[in-house]
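We have chain Y; now place chain F onto it with these hints.
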Amino acid sequence: MRPELSEDIGLCEYSPAPSPAPAYYSNRFAAEADSMELSLQLRTDLLDGDAWGEILSTFSETVRVGVALTDAQGQLLGGCQNRQPAWSLVHDSRSDWNTGCPFCLSTHQPCTAIQDALRTGLPVVVRDQAGFSHVAVPLSLGKHHLGAILAGQVFDLYPDSLALMRVAKELGISMPKLWDLARKERPVSKAILMAAGNLLAALGKAFVRQRYSGILEAQLAETNRYFRLMVESVSDHSLFTVDLEGYVTSWNRGAERMLGYTEVEIIGNNFSCTFIPEDIRLGVPEEQMNKARLTSRARDQGWRVRANGERFWADVNKTALRDDAGRVRGFAVIMQDVTEQKKIATALNDARQAREQLQERFLSHVSHELRTPLTAIYFFTTNVADGLFGDLSPEQHEQLVLALDNLEQLKGMVSDLLDISRVDAHKLTIEPKPVSPAKLIADALNTCRTSADEKKITLTSNVTSSLPFVWADPSRIRQILTNLIDNGIKFTPEGGAITVSIRSSPDDESLLCLSVSDTGCGIGPKNLELVFERLTQIEVNPKAARSGLGLGLFIAKELVLEHGGRIWVESQLGQGSSFFFTLPVFSLAKLCAPILNAANLNSGFVTLITIDAVAPHAIEQGEQRLEIQKVLQHCIRPGHDMVLPLDGDEGSPHRYFIIACSDISDSFVITSCVERELTKISPASKLKTVISSRTLSVPEGMCEPDKIAFIVTEVEHLVQDHRMTTETLQ
Amino acid sequence: MSSKKILIVDDDQQLVLGLSPRLKSNGYSVVSAMDAVSAIAMTRKEMPDLVILDLGLPAGDGYEVLERLRSLTDHPTIPVIVLSARGPADNKLRSLNAGAAAFFQKPPDNHEFITAIRDALGETPALSTFLLT
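In order, the protein sequences belong to chains Y and F. At position 162 of the first sequence the residue is numbered 162 (the numbering used here), and the sequence of numbers has no breaks. At position 13 of the second sequence the residue is numbered 743 (the numbering used here), and the sequence of numbers has no breaks.
Bound-form chain Y, shown alone (with noise of 0.2 Å):
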């Protein structure tokens, strides 16, 4: 049956024979394919004609078909398998050949063919004017359009000779060969082409993905030669693979170089081989191999050992290796011969401590040498000036009243050196205690009085009452206050005011802020920083005498700083300046916290010990705190026990508080414990022996933080209630 010649004319598209949706998605193979972007390489490897050939030209043989590798554009990649006679002719006579599909025989209309079957991802069958039938068939990678296998350029009907003519005549060859050419053609049927490009499909798909994983393949065996190469090459680290265990699994030149074992000595070998004797018998390679698995990144610097024996500075960097599952498999470790750079440093910082000490030294001379002629000027000036000698006239004792306030300025300067001295050594020391702060407020305000008092400046506190005590060594806070009210004195014009306050930190309920302002003249903007820098004074009032080292507000600073606060300026140039700063609250879990922490709570017991320190005669209640507090620290295991001390009342005994943690449960033990400690320390004891204990034990099954916690709970309520009964026993 003939078909009818309208339905010939043009491009016709077969609807595809239904067939399964591509696989492609389900594979990860594909889906990897389609997260990466495809390069231009990658492209032209896929769909390299000279692969191809073999199965095309297989393929177009035994079906009988000219079939063609293109490109997603329609460009031919290779030539053609198995031409067919039509091919021949176009291609053949016409070397301007140039339309969008090679397998169609028409110039009016461009064959979508490959862009539909990219589209669809399914083969189309298309039909040219002359009757001539070919089949495209898409090749993806993912959803990476590459090209397209065209299959076909035969009849699947007797040809048409008006058809045939009118495309001979369009193309410009002749007619008789086409004609001749399309009577010799056996027609191959549109269903045979569309099982044809079905097969197609899938060998396409086959052979996309194996080419895909060769390339693969290839680019990793070449990335693992290039990684291989410099590992290998890297010679001043050593690069090697531990399992769990500490077996080594990989070793490069760098670590045979540095440590003197050859890869095929030391492969299956514990490295355990590279530490110290010392090292090992404390069993440092297995806990640093257990900190490595709970952390999964270790760095650590320390001795190793070479095969020869010889040791050098190492430093370690351990990386966890994870399999696809995340679990930790084994560990690359990264070592560094750092034996010079750790020579080096260790002698700048010797050089530097030495430094340090001979500054020391020479401040600490010089501000002792300077006390002693200092001494006798004062001695011989204070016998004169309080009427020793005689009688002084007005004129004459304000004379040596005003050399004794030099003589004042000239002590304090003596003692800013040795602060610093201390500072530079980074020995400068506080003695923290708990300590009211209103009352180093009112004593550094009594300090101060008469000099102000000579200013016609106004001294006032402001104070609230029911503030709570601070964590402060009051000798040092004293000293901060006296030097920031002298400098608001020095600074501040006759009939001037100057407040010292106190309150909460806004930000911070552990801090209480203490200020010092003034009325006087006030900091520029850009000296605001600078005032606590050393030997900084700021030139604010040409007539202001210049007077003092510049040293006080650096070693306020720093004293600030020790006790764990911060100070800072507000000012303006004209309006007065306030200095701030923060010092501690005082807490008991704050004191206790990281001595519990540093203890063994697992043992679970914790003893609470009090003593009662009573004043002998003579000796200053300041003092005999000291020695108290000096006494108590011999007795107990520092880092482990802790004394809490309870200022009693002016003038009455002082209590004492020791926490023992131990995992002894009978506080009798620990109680003659301390009282032999006692005893043998300070044998005419201020220290009333133990007047009593209490023995805690800490909950099993708590975290860290809540048993401090609870401890320091406990602790409160046993001081408390302590305080309670003596206060009524007296």
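Under the rule of at most 20 Å between Cα atoms (straight-line distance), these lysine to any residue pairs were calculated in the SDA-like manner:
{"id": "1", "chain 1": "Y", "residue 1": "K680", "chain 2": "F", "residue 2": "A828"}
{"id": "2", "chain 1": "Y", "residue 1": "K680", "chain 2": "F", "residue 2": "G829"}
{"id": "3", "chain 1": "Y", "residue 1": "K427", "chain 2": "Y", "residue 2": "L358"}
{"id": "4", "chain 1": "F", "residue 1": "K754", "chain 2": "Y", "residue 2": "N383"}
{"id": "5", "chain 1": "Y", "residue 1": "K427", "chain 2": "Y", "residue 2": "A354"}
{"id": "6", "chain 1": "Y", "residue 1": "K427", "chain 2": "F", "residue 2": "L823"}
{"id": "7", "chain 1": "Y", "residue 1": "K433", "chain 2": "Y", "residue 2": "D443"}
{"id": "8", "chain 1": "F", "residue 1": "K775", "chain 2": "F", "residue 2": "T807"}
{"id": "9", "chain 1": "Y", "residue 1": "K455", "chain 2": "Y", "residue 2": "F491"}
{"id": "10", "chain 1": "F", "residue 1": "K754", "chain 2": "Y", "residue 2": "T381"}
{"id": "11", "chain 1": "F", "residue 1": "K754", "chain 2": "Y", "residue 2": "A385"}
{"id": "12", "chain 1": "Y", "residue 1": "K184", "chain 2": "Y", "residue 2": "S88"}
{"id": "13", "chain 1": "F", "residue 1": "K754", "chain 2": "Y", "residue 2": "F380"}
{"id": "14", "chain 1": "Y", "residue 1": "K433", "chain 2": "F", "residue 2": "D820"}
{"id": "15", "chain 1": "Y", "residue 1": "K411", "chain 2": "F", "residue 2": "D742"}
{"id": "16", "chain 1": "Y", "residue 1": "K427", "chain 2": "F", "residue 2": "R824"}
{"id": "17", "chain 1": "Y", "residue 1": "K411", "chain 2": "Y", "residue 2": "P373"}
{"id": "18", "chain 1": "Y", "residue 1": "K411", "chain 2": "F", "residue 2": "E842"}
{"id": "19", "chain 1": "F", "residue 1": "K775", "chain 2": "F", "residue 2": "R800"}
{"id": "20", "chain 1": "F", "residue 1": "K775", "chain 2": "F", "residue 2": "D765"}
{"id": "21", "chain 1": "Y", "residue 1": "K411", "chain 2": "Y", "residue 2": "N383"}
{"id": "22", "chain 1": "Y", "residue 1": "K343", "chain 2": "Y", "residue 2": "D300"}
{"id": "23", "chain 1": "Y", "residue 1": "K439", "chain 2": "Y", "residue 2": "T499"}
{"id": "24", "chain 1": "Y", "residue 1": "K411", "chain 2": "F", "residue 2": "Q744"}
{"id": "25", "chain 1": "F", "residue 1": "K754", "chain 2": "Y", "residue 2": "G387"}
{"id": "26", "chain 1": "Y", "residue 1": "K680", "chain 2": "F", "residue 2": "E797"}
{"id": "27", "chain 1": "Y", "residue 1": "K427", "chain 2": "F", "residue 2": "Q835"}
{"id": "28", "chain 1": "Y", "residue 1": "K590", "chain 2": "Y", "residue 2": "T713"}
{"id": "29", "chain 1": "Y", "residue 1": "K342", "chain 2": "Y", "residue 2": "F275"}
{"id": "30", "chain 1": "Y", "residue 1": "K427", "chain 2": "F", "residue 2": "D820"}
{"id": "31", "chain 1": "Y", "residue 1": "K680", "chain 2": "F", "residue 2": "L823"}
{"id": "32", "chain 1": "F", "residue 1": "K734", "chain 2": "F", "residue 2": "F843"}
{"id": "33", "chain 1": "Y", "residue 1": "K590", "chain 2": "Y", "residue 2": "H640"}
By construction, these hints were calculated from the structure, which means they are not laboratory data.
Same frame as chain Y, but now just chain F:
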């Protein structure tokens, strides 16, 4: 009652010159020694009621003097007040532990210093003692 005797041990003659009038005006008699060896000899010879002791001395450290004074059989409890240019941070506690009654850094405040001497001599019992008994 004869005046109580104070021995000043200090190698700085100027200090002795300056401090003596102050002590005398408070009713004490004063003797002095300039080094560690003569400090012990003077103590034996003069039997002072109190010693004011410098720490940096020729022919022996002040602490040695303090120790030897403690071991003198005829003066075991003689009160000693340390008056030194050295800082309290390192020396105050050490002096007190070695048996000194008080520590002062040079220059001391006259009033506090004399009060400490009186306290050490038991002339003005400390306020705290009243409160405690």
